[in-house]
Amino acid sequence: MKVLIPSALRSYTERGETEARGATLAALLVDLERQYPGIRFRMVDEQDRIRRHIRIFVNGEQARELEQPLGGNDEVIIVQALSGG
Amino acid sequence: MARKAGKATAHMGRTGTRVRRTLVLVATRKGAWLYHGDAARKTWRADGPHFLGHNVSHLVLDPRDGKTLLAAAKTGHLGPTIFRSTDLGKSWKEAARPPAFAKSADGKEGRSVDHTFWLAPGRAQDRDVWYAGTSPQGLFRSPDGGVTWGPYSIVNDDPQFREWMGTVQDGTPDGPKLHSIIVDPRDGRHLYIAMSGGGVHESTDGGRTWNTLIKGLDVVEGFGFDPAKPTFHDPHCVRLCPSNPDRLYQQNHCGIYRLDRPSDTWVRIGKSMPKEIGDIGFPMVVHPRDPDTAWVFPMDGTQVWPRTSPGGKPAAYVTRNGGKTWQRLDAGLPKSQAWWTVKRQCMAADACDPLALYVGNSGGELWTGREEGKRWSCIAQHLPEIYAVETAQL
Numbered sequence: 012m013k014v015l016i017p018s019a020l021r022s023y024t025e026r027g028e029t030e031a032r033g034a035t036l037a038a039l040l041v042d043l044e045r046q047y048p049g050i051r052f053r054m055v056d057e058q059d060r061i062r063r064h065i066r067i068f069v070n071g072e073q074a075r076e077l078e079q080p081l082g083g084n085d086e087v088i089i090v091q092a093l094s095g096g
Numbered sequence: 008m009a010r011k012a013g014k015a016t017a018h019m020g021r022t023g024t025r026v027r028r029t030l031v032l033v034a035t036r037k038g039a040w041l042y043h044g045d046a047a048r049k050t051w052r053a054d055g056p057h058f059l060g061h062n063v064s065h066l067v068l069d070p071r072d073g074k075t076l077l078a079a080a081k082t083g084h085l086g087p088t089i090f091r092s093t094d095l096g097k098s099w100k101e102a103a104r105p106p107a108f109a110k111s112a113d114g115k116e117g118r119s120v121d122h123t124f125w126l127a128p129g130r131a132q133d134r135d136v137w138y139a140g141t142s143p144q145g146l147f148r149s150p151d152g153g154v155t156w157g158p159y160s161i162v163n164d165d166p167q168f169r170e171w172m173g174t175v176q177d178g179t180p181d182g183p184k185l186h187s188i189i190v191d192p193r194d195g196r197h198l199y200i201a202m203s204g205g206g207v208h209e210s211t212d213g214g215r216t217w218n219t220l221i222k223g224l225d226v227v228e229g230f231g232f233d234p235a236k237p238t239f240h241d242p243h244c245v246r247l248c249p250s251n252p253d254r255l256y257q258q259n260h261c262g263i264y265r266l267d268r269p270s271d272t273w274v275r276i277g278k279s280m281p282k283e284i285g286d287i288g289f290p291m292v293v294h295p296r297d298p299d300t301a302w303v304f305p306m307d308g309t310q311v312w313p314r315t316s317p318g319g320k321p322a323a324y325v326t327r328n329g330g331k332t333w334q335r336l337d338a339g340l341p342k343s344q345a346w347w348t349v350k351r352q353c354m355a356a357d358a359c360d361p362l363a364l365y366v367g368n369s370g371g372e373l374w375t376g377r378e379e380g381k382r383w384s385c386i387a388q389h390l391p392e393i394y395a396v397e398t399a400q401l
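Going line by line, the protein sequences match chains A and B. Take 12 as the starting number for the first sequence in our numbering and just add one per residue. Take 8 as the starting number for the second sequence in our numbering and just add one per residue.
Calculated from the structure, these hints are not laboratory results.
Facing chain A, a subset of chain B residues (Cβ under 8 angstroms, in silico):
(1) 101
(2) 110
(3) 111
(4) 117
Label-pair ranges, simulated between beta-carbon atoms:
(5) 98(B) x 75(A): 32 to 40 angstroms
(6) 113(B) x 25(A): 30 to 38 angstroms
(7) 25(A) x 74(B): 23 to 31 angstroms
(8) 26(A) x 231(B): 56 to 64 angstroms
(9) 47(B) x 38(A): 55 to 63 angstroms
(10) 116(B) x 35(A): 19 to 27 angstroms
(11) 73(A) x 228(B): 44 to 52 angstroms
(12) 83(A) x 98(B): 36 to 44 angstroms
(13) 35(A) x 268(B): 50 to 58 angstroms
Quick caveat, the model's predicted, so the values are computed rather than measured. Backbone N, C-alpha and C fix where the C-beta goes; we use that ideal spot for every residue, glycine too.
Could you build all of it, start to finish, from the sequences and the hints given here?
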């Protein structure tokens with residue numbers, strides 16, 4: 012499925028849009044990590060919590076749990092949220 | 008951190024001694040810079056920014072190979088990591104496994120590393136070994152030059168240590184920290200660590216067991232805090248003298264101290280500082296060849312703790328006799344209306360003879376104190392808030 016990548020993470024992907032697979036958000040992030048080593052830990056901490064200033068939207072709705080199911084045609088948008096000056 | 012011992016010449020000697028140039032490594036809230044000095048340390052070439060926009064907590068050159076750099080970095084949005092360069096910053100590669108706490112058991116609230124705060128290379132003979140201290144307090148080790156990191160010793164998960172560490176509200180404003188990781192140059196199993204808060208600790212068996220080292224240290228008065236409990240201790244910066252590894256100095260939240268082993272009782276040497284200046288501050292620097300000489304950069308610790316240069320007049324203070332007396336070093340520094348804050352990693356010395364000091368402030372200025380701090384001049388202005396200053400000899 013299509014995944015939109017924020018500018019802060021394009022040092023890994025070198026583009027703003029990529030493709031990844033997974034039946035859940037957790038699986039999708041594993042696939043992103045496989046393709047772009049290091050990218051997952053910048054978004055998700057060692058306790059599997061989405062980091063404070065990262066937001067992930069699935070078809071326009073904010074995902075709060077990594078176990079959220081995904082469909083093959085879903086669109087995932089990763090956003091760098093406001094973090095001050 | 009054990010600094011590289013030995014004398015470095017600042018210019019070509021008549022016998023053809025190789026020129027050793029000084030490199031000053033500056034970590035800031037918005038990136039990192041390398042300042043390359045000429046042989047006389049009079050002019051400086053800026054190399055940077057590296058990682059513009061990243062919060063870089065510490066930037067250290069491996070003294071064992073003279074070319075590997077480690078940078079502890081995160082951004083406002085992204086999680087923490089370590090970047091490595093093996094060509095003095097021409098190119099960087101991210102650590103394959105940055106410091107991270109163990110995943111907690113299901114149903115338990117686990118900790119996550121907010122940022123790596125302190126990087127310390129191992130001994131000369133323990134090539135490729137590095138240690139890292141994090142916020143919140145965690146101790147990590149890399150066996151491979153900073154490529155992969157894992158939790159080290161019992162510190163991170165031991166219930167007693169966790170109690171001493173407290174919560175994120177018990178530490179420094181931008182998060183409680185584990186810092187001042189010191190490896191005894193004579194024995195790689197002999198380690199010191201410090202925690203803000205959480206006190207100073209020593210291991211003689213490679214981190215398997217630890218002893219607290221807080222005797223003699225004062226705690227904040229007026230609240231009934233028990234000085235026997237590490238929780239109430241806030242060491243800001245601990246340094247070991249390379250020329251006498253049995254001597255340590257410490258700038259603490261509650262004064263300046265010296266410890267001569269095997270004693271386990273710190274002596275408050277800051278009592279001999281001028282009363283109007285006090286003995287509060289963050290960094291502490293020791294002389295690479297003289298264990299009686301050390302420097303501090305005092306901050307205002309009165310009333311609401313401004314943590315700025317007392318009276319708006321920045322100055323370093325040096326002791327030449329192990330803390331019996333102190334002399335003010337402010338020639339060339341602003342004489343008034345200079346409200347500097349100098350953080351605990353923001354003062355360093357090079358290894359030349361005579362050595363120079365380097366100070367970075369929260370206003371983004373980098374200064375050098377030539378002739379061991381006697382004459383100060385500004386190297387750089389208008390940088391982001393400076394988090395750390397280190398030196399290396401190339």
